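Visitor: Chains as they are written, first to last, in the numbering used here: chain A, 1 to 156; chain B, 1 to 263.
Every clue listed holds true.
Which chain B residues stay away from chain A? Per the calculated CB distances, all over 10 Å, these:
hint	residue
1	T78
2	A111
3	D116
4	L230
5	G231
6	E236
Dumping the calculated SDA-like pairs for lysine to any residue here, alpha-carbon to alpha-carbon at most 25 Å:
hint	chain 1	residue 1	chain 2	residue 2
7	A	K36	A	I90
8	A	K81	A	T99
9	A	K107	B	K192
10	A	K107	B	G161
11	B	K109	B	D252
12	A	K107	B	G193
13	B	K185	A	C110
14	B	K146	B	K172
15	B	K192	A	E72
16	A	K81	A	Q112
These stretches of chain B come out as covered by chain A in the derived footprint (C-beta under 8 Å, 3 or more residues):
hint	stretch
17	150–158
18	185–191
Keep in mind that the hints were calculated from the coordinates and are not lab data. Nothing here was measured: the structure is a model prediction, and the numbers come from that model. Heads up, the beta-carbon is just placed ideally off N, CA and C, and yes, glycines get one too.
Residues per chain are reported as follows:
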Amino acid sequence: MAAHALLHRSLAAAALALAGLMATAQQAPAPGGGDKCVAPTDWMRRYHMTALRHQRDETVHEGARDTRFSLEGCISCHAVKDTAGVPVTIDDPQHFCRTCHDYAAVKPDCFQCHASRPSEGLLQGDTAQLGTGGVLPFSSTTSVAELEIYLREARP
Amino acid sequence: MSRRVLDPGKGYGSAGSAAAPVDAVRRGFMAGGAAFAAAALAPGVTLMAYPESAGAANAPAHRWGMLIDTRLCPEGCTDCVAACSTEFGWGPAAGQAPRPETDPQWIRKVAVKDPDTGVAFSLPIMCQHCAEPPCVDVCPTGASFKRADGIVLVDRHICIGCRYCMMACPYKARSFVHEEVQDQKPYAPRGKGTVEGCTLCVHRVDRGGQPACVEACAAAGHNAMIFGDLGDPASEISRRVAEHRTTQIRADLGTDPGIHYEI
Chain A
1 MAAHALLHRS
11 LAAAALALAG
21 LMATAQQAPA
31 PGGGDKCVAP
41 TDWMRRYHMT
51 ALRHQRDETV
61 HEGARDTRFS
71 LEGCISCHAV
81 KDTAGVPVTI
91 DDPQHFCRTC
101 HDYAAVKPDC
111 FQCHASRPSE
121 GLLQGDTAQL
131 GTGGVLPFSS
141 TTSVAELEIY
151 LREARP
Chain B
1 MSRRVLDPGK
11 GYGSAGSAAA
21 PVDAVRRGFM
31 AGGAAFAAAA
41 LAPGVTLMAY
51 PESAGAANAP
61 AHRWGMLIDT
71 RLCPEGCTDC
81 VAACSTEFGW
91 GPAAGQAPRP
101 ETDPQWIRKV
111 AVKDPDTGVA
121 FSLPIMCQHC
131 AEPPCVDVCP
141 TGASFKRADG
151 IVLVDRHICI
161 GCRYCMMACP
171 YKARSFVHEE
181 VQDQKPYAPR
191 GKGTVEGCTL
201 CVHRVDRGGQ
211 PACVEACAAA
221 GHNAMIFGDL
231 GDPASEISRR
241 VAEHRTTQIR
251 ADLGTDPGIH
261 YEI
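Work out the full structure: start from the sequences and follow the hints.
Guide: Laid out in C-alpha cells, this is it:
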C-alpha cells in the first residue's frame, strides 16, 4: 500500500511538474500589429500552413503579390522585437513562429531561404508598402467558408 | 503548362456563371454534367480544368524582354552587375574570400573581341528568359519553369539542387548556392542547396516596376538597357526591335531568348 501511495504521489508530482513545464514552454504568441489577423485566430491555428503553401504557389507561378497569406505579410505584422527594439530572427526563441512550433516540436524550414524578420520600414502591420497583386481569388473580406473552399482545391 | 487562370473575386470553380462552391461543381462533374463532359472530350483539356474567365482570355499575352544596346555599354562598367548583387544579395558568402568558380553570379559582364578584325565590345549576360528554355526541358522535378509572361524561374520549393539546368543552359546563367545564406531580402528568398538565376526582377515587374539593372543603367546615364513587353507591338522595346537589327545570343540554338542585343 505504501509503495502504491508513493507511486501515486510521485506520478502526481511528475504530472504537476510536466504541466508546469508545458505552461512555461508554450508562451502565447505575440499578437500582430494590426487591428485583427487576416482570418479568425482558431482558423489560423489550424490552417495557416495550408494557406501559406497555397499562396506560395500562386505567388511563384502566377505572380500573386497579395499579402493576405504571404509569409512576408505574417512576418512583418508579427515581428517580435528584442530589448534593443530590433526584430528578432528565427534563431531567437521569442520569434513568433517558434513560440508555438518549438512546443509542437515542428521545425518549419521556411527560414532556410526566407527572411525571418521584416526589412526596415515594414514593421508591425505596416503592410501597405508590400503592395497588392490582386490575382488571388479572394480579398481581405472573403469569408472563412469561401477560404476553405479555396484551400481544399488541390493544385495539379 | 495547363495552369488554371484565377478569376479575381470569384474563386476557383466559377463555371462561367455564378460562383458555385467547388464541391458542388465536382459533384456535378462526377455525375456526368453535360457541360463538363464536353470539356473533357476536347483534346488537350484536362479533366479538372475549369473554363477560363472571359477577362483573362481577352487580356494580351505579355512577353517580358530586354533590349541591350552594346554600343552604349561602356567597357569596364559593372553598374548593372552591382545593382543586381545589391538587390538580391548574391556574391561571395559573407566573411569569406571570393570563390569565382562557385560563387553565385546572376549577371556578368563579358568582353568579346573578334581576333580577325580586332573589334571589341562588352555586354552583360544574364538569364536570357528563353521562349524554349532548355533548363525547363531537363528539370526532373518541374522546379525550373516558365511563367505565362515568359519569365523563366526556379521554384526553389521544388528544386532538389541536381544542377541539371546549369548543365543545360547555353548561357551559363544559373548558379548553385553552396553556402548558407543569412539575412535574405524579404522579397528575394535564397538558400543553400538550390539553383538560382536572374528572375528579371519578377517582384518588381509584378508591381509594374523595372528590373534593378535597367534602373541602374539609366541612373548612370548609359541607357543601354530597355525593359519592356515584346508581346505589345506599341511598347518601346517592340518598336526598337522592329526598327533596328538586333540579335539574340546563340540564336542558332532555337531557344528564342527574350533578351535582345543591338551590336
